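Based on these hints, arrange chain B on the given structure of chain A.
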Amino acid sequence: MDIVFSAATVAYGARTALQPLTLTLAERRIGVVGLNGSGKTTMARLINGLVKPTAGTVTVDGLDTIADEAAARGKTGFIFQNPQHQMILPILAEDIAFGLKNRKLTKADIAEKTDAILARFGISHLARRRVHELSGGETQLGAIASVLVTGPELLILDEPTNQLDLKNRALIERTIAALPEQVLVISHDLALIEGFDRVLVFHEGRLAADDTPSHAIAAYRKLAAC
Amino acid sequence: MLNGLDIEGNSPLHRMPVRGKLILLFTAAILLLLISDLRILVPALALAAFLYLSTGIGLKEAFRRTRFVLFTVLLVALANYLFHSVHEALVVFCRLSALVLIAAAVTATTGISAFMDEITRLITPLERFGFVRAADVSLAVGLVIRFVPEIFARYGEIADAHRARGLRVRPLTMLVPLIILTLKDADTIAMAIDARGFRRH
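Note that the protein sequences, when read in sequence, are chains A and B.
Mapping of the first sequence onto numbering that gives the first Met the number 0: position 172 corresponds to residue 171, and the numbering continues sequentially without gaps.
Mapping of the second sequence onto numbering that gives the first Met the number 0: position 28 corresponds to residue 27, and the numbering continues sequentially without gaps.
Just chain A, with the same shape it has in the complex (with noise of 0.2 Å):
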């Protein structure tokens, strides 16, 4: 799926958060890194419309973001740095079951999908759990499932790996490689998006490199060293 930034830019009152970016995306696993506030978040967000370009224009499989917003947005789904604060029901599968209500869909195909999802990520045993007492990895797992159920596209991830412990952090990683949808993650966990097909660097609210991860990440170094 492509998504097309043509001068998109993000202006708050006098502040830029984000420069005008023009920018084609297609690749399967594209990484974002860049230091606090250097706009990848916004550029993120631009991408389900939850942020709109103040001006330029960003669509998503052609649909754009502003005109055609609730198109758009179905094609993405979006995990938040603390997953905890998008779970909108106490349970997690009525959480999960959460996300398809409004679709005109019958309780049983639901709960078909609910339970699909729910055993995709190996948490079936979780569904009945009260999403506060699950762990950072299975928060994290119980997230992905909630936002996946809707079949998204392309899935942003905005820091996955943040506050979690070595072995949920590995737990998350191999999910995130073994997803056959399309993947976007800002992280600061470099390991994390080594493998990936393509790596953007963001700085001071502009575009600072666009490359392979190697690459991207040795300039990202340069930039947080200054």
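Since the hints were made in silico from the structure, they are not lab data.
Note that the structure is a prediction, hence the values are computed from the model and not measured.
Please note that the accuracy of each hint is not assured.
What the hints assert, rightly or not - Calculated pairs, EDC-like style, for lysine to aspartate or glutamate (alpha carbon to alpha carbon, straight line, at most 20 Å):
id	chain 1	residue 1	chain 2	residue 2
1	B	K183	B	E149
2	A	K100	B	E126
3	A	K103	B	D135
Claimed, not checked - Over the 10 Å line for every Cβ pair with chain A, so calculated as not near, a few chain B residues:
id	residue
4	H83
5	E126
6	R162
Unchecked claim - According to the in silico footprint, chain A covers these stretches of chain B (three or more CB under 8 Å from chain A):
id	stretch
7	109-115
8	180-191
Note that CB positions come from ideal geometry on N, CA and C, so glycine has one too.
Just chain B now, with coordinates in the frame of chain A:
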């Protein structure tokens, strides 16, 4: 901490359909307001207390959840004692307390998701008149129930932060961070609801 107000269990009230529970609550409210005979109201209060405890909530938790409202009921009863009579005060106390306990029992035995589904079903016919969107109303109700424990948890965290820094827990210094954090949480939740495409216009 993300938690509902419902407690797990298999009591008769847990097994009762949500609509039945709402009808029970509604009927009880009307009857309790119509009756002012203490010979009926006192047993009604006892029955309500039994119903609430039959959910398996435990005495301590049961009291913790209802103490604020019961305290208010007590104040109302006190006012009635001062301005009317002992009888009137007892009637008001039994009537309102019984209602609070039945409502608490319904809340304790109904999951947020089940509540939301039932409210959607009940309000959907009104959509024809164009006043409301049933899904939005049920989402609003669900979020209120979801946020109550979260706000309490936030309060606990801020109180701990005060103690950790050797500060006294004062209402004014508690309130400001509590309001700011709650609004920030609400923002994040709103964004999560948008991101998950629940509201599709």
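Status of the hints after comparison with the structure:
1. B:K183 <-> B:E149: Holds: B:K183 and B:E149 sit about 13 Å apart, inside 20 Å.
2. A:K100 <-> B:E126: holds, 17 Å
3. A:K103 <-> B:D135: holds, 15 Å
4. H83: holds, 43 Å
5. E126: Label holds. Min Cβ-Cβ 13 Å, cutoff 10 Å.
6. R162: At about 23 Å from chain A, B:R162 clears the 10 Å cut-off, so the statement holds.
7. 109-115: Holds: 3 residues of the stretch 109-115 of chain B have a Cβ under 8 Å from chain A.
8. 180-191: Contact hint for the stretch 180-191 of chain B vs chain A: holds, 5 residues under 8 Å.
When the structure is compared with the earlier hints, no violation turns up for any of them.
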